[in-house]
Amino acid sequence: DAKTTQPTSMDCAEGRAANLPCNHSTISGNEYVYWYRQIHSQGPQYIIHGLKNNETNEMASLIITEDRKSSTLILPHATLRDTAVYYCIVRVSGSLDYGQNFVFGPGTRLSVLP
Amino acid sequence: GAVVSQHPSRVICKSGTSVKIECRSLDFQATTMFWYRQFPKQSLMLMATSNEGSKATYEQGVEKDKFLINHASLTLSTLTVTSAHPEDSSFYICSAGDLIRRTDTQYFGPGTRLTVL
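If you're matching them up, the sequences are chains F and L in order.
Residue numbers for the first sequence follow our numbering, beginning at 1 and rising by one.
Residue numbers for the second sequence follow our numbering, beginning at 1 and rising by one.
Read the hints as simulated data drawn from the structure, not as lab findings.
Don't take each hint at face value.
Said to hold, decoys possible - Below are the DSBU-like pairs computed for lysine-lysine, each with C-alpha atoms no more than 30 Å apart in a straight line:
hint: 1; chain 1: L; residue 1: 55; chain 2: L; residue 2: 14
hint: 2; chain 1: L; residue 1: 66; chain 2: L; residue 2: 14
hint: 3; chain 1: L; residue 1: 41; chain 2: F; residue 2: 69
hint: 4; chain 1: L; residue 1: 64; chain 2: F; residue 2: 3
hint: 5; chain 1: F; residue 1: 3; chain 2: F; residue 2: 52
hint: 6; chain 1: L; residue 1: 14; chain 2: F; residue 2: 3
hint: 7; chain 1: F; residue 1: 69; chain 2: F; residue 2: 52
hint: 8; chain 1: L; residue 1: 41; chain 2: L; residue 2: 66
hint: 9; chain 1: L; residue 1: 14; chain 2: L; residue 2: 41
Since this is a predicted model, take the numbers as computed values, not measurements.
Using the sequences and the hints given, assemble the complete structure.
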């Protein structure tokens, strides 16, 4: 799996958009970009994933650059409950490689401030 | 959406005792489940891959005789920490993918916090 690079920590004001970057310059053509988050003392929670097109769901938006070497997760209106560690993971789709685990890096610790 | 549960959520035990942690997929089937361990202020590290009906595969450095894994059905995997010691105190998390629907992602359990006194 391609390695990812994320900032160690970020702060965001409550109600503002939180933009979390991720670099994955060695991503392969069949690898997706996944985002999970982990709130303190809980299991990771799936947020969103994409291959090359931008994606949006009820939680967040995922913007992937045209060369796919980087992406940004956007939480449009951050709340205090969004304080968590956010993990950007690059891997082959689970539908194609069911038996493969996720490899977690250190992630970005997002602190949403009141 | 798909749900993975773990039991217990928290356990405290004495050194030398064994502890069993259950991981269940509540609304889907999984032939493969993964067990992770997370120490304070660190990221999740894969311990082993649990395979239904066959032996688990362990990551390098994880003792298979200490961390016994049983995957007896398509919805249940158990991790038993045998002869637990204080250094085994950690947050244990399982995950699974949907075998039938083959969704792109995997679902994680809420975790089990083990404290060995």
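Q) For the pair supplied as a hint, residue 69(F) and residue 52(F), is the alpha-carbon distance within the 30 Å limit? A) At roughly 10 Å apart (the allowed maximum being 30 Å), residue 52(F) and residue 69(F) satisfy the hint.
Q. Has the given pair, residue 55(L) with residue 14(L), been kept, meaning a C-alpha gap of at most 30 Å?
A. It holds: about 28 Å lies between the C-alpha atoms, which stays within 30 Å.
**Q.** Distance restraint between residue 3(F) and residue 52(F), which requires alpha-carbon spacing of 30 Å or less
**A.** Status holds; Cα separation ~17 Å.
(Q) Holds or violated: residue 14(L) and residue 3(F), Cα atoms, limit 30 Å. (A) 39 Å, violated
Q: Could you grab the alpha-carbon distance between residue 66(L) and residue 14(L) and see if it respects the 30 Å cut-off?
A: 16 Å, holds
Q.
Given the hinted pair residue 41(L) and residue 66(L), is their Cα-Cα distance within 30 Å?
A. 24 Å, holds
Q.
Tell me if the straight-line CA distance from residue 14(L) to residue 41(L) falls inside 30 Å.
A. 24 Å, holds
Q) Between residue 41(L) and residue 69(F), is the straight-line Cα distance small enough, at 30 Å or below? A) Holds, at about 28 Å.
Q: Could you grab the alpha-carbon distance between residue 64(L) and residue 3(F) and see if it respects the 30 Å cut-off?
A: Satisfied, since the Cα-Cα distance of roughly 28 Å is no more than 30 Å.
Hint compliance for this structure: hint 6 is the single one not met.
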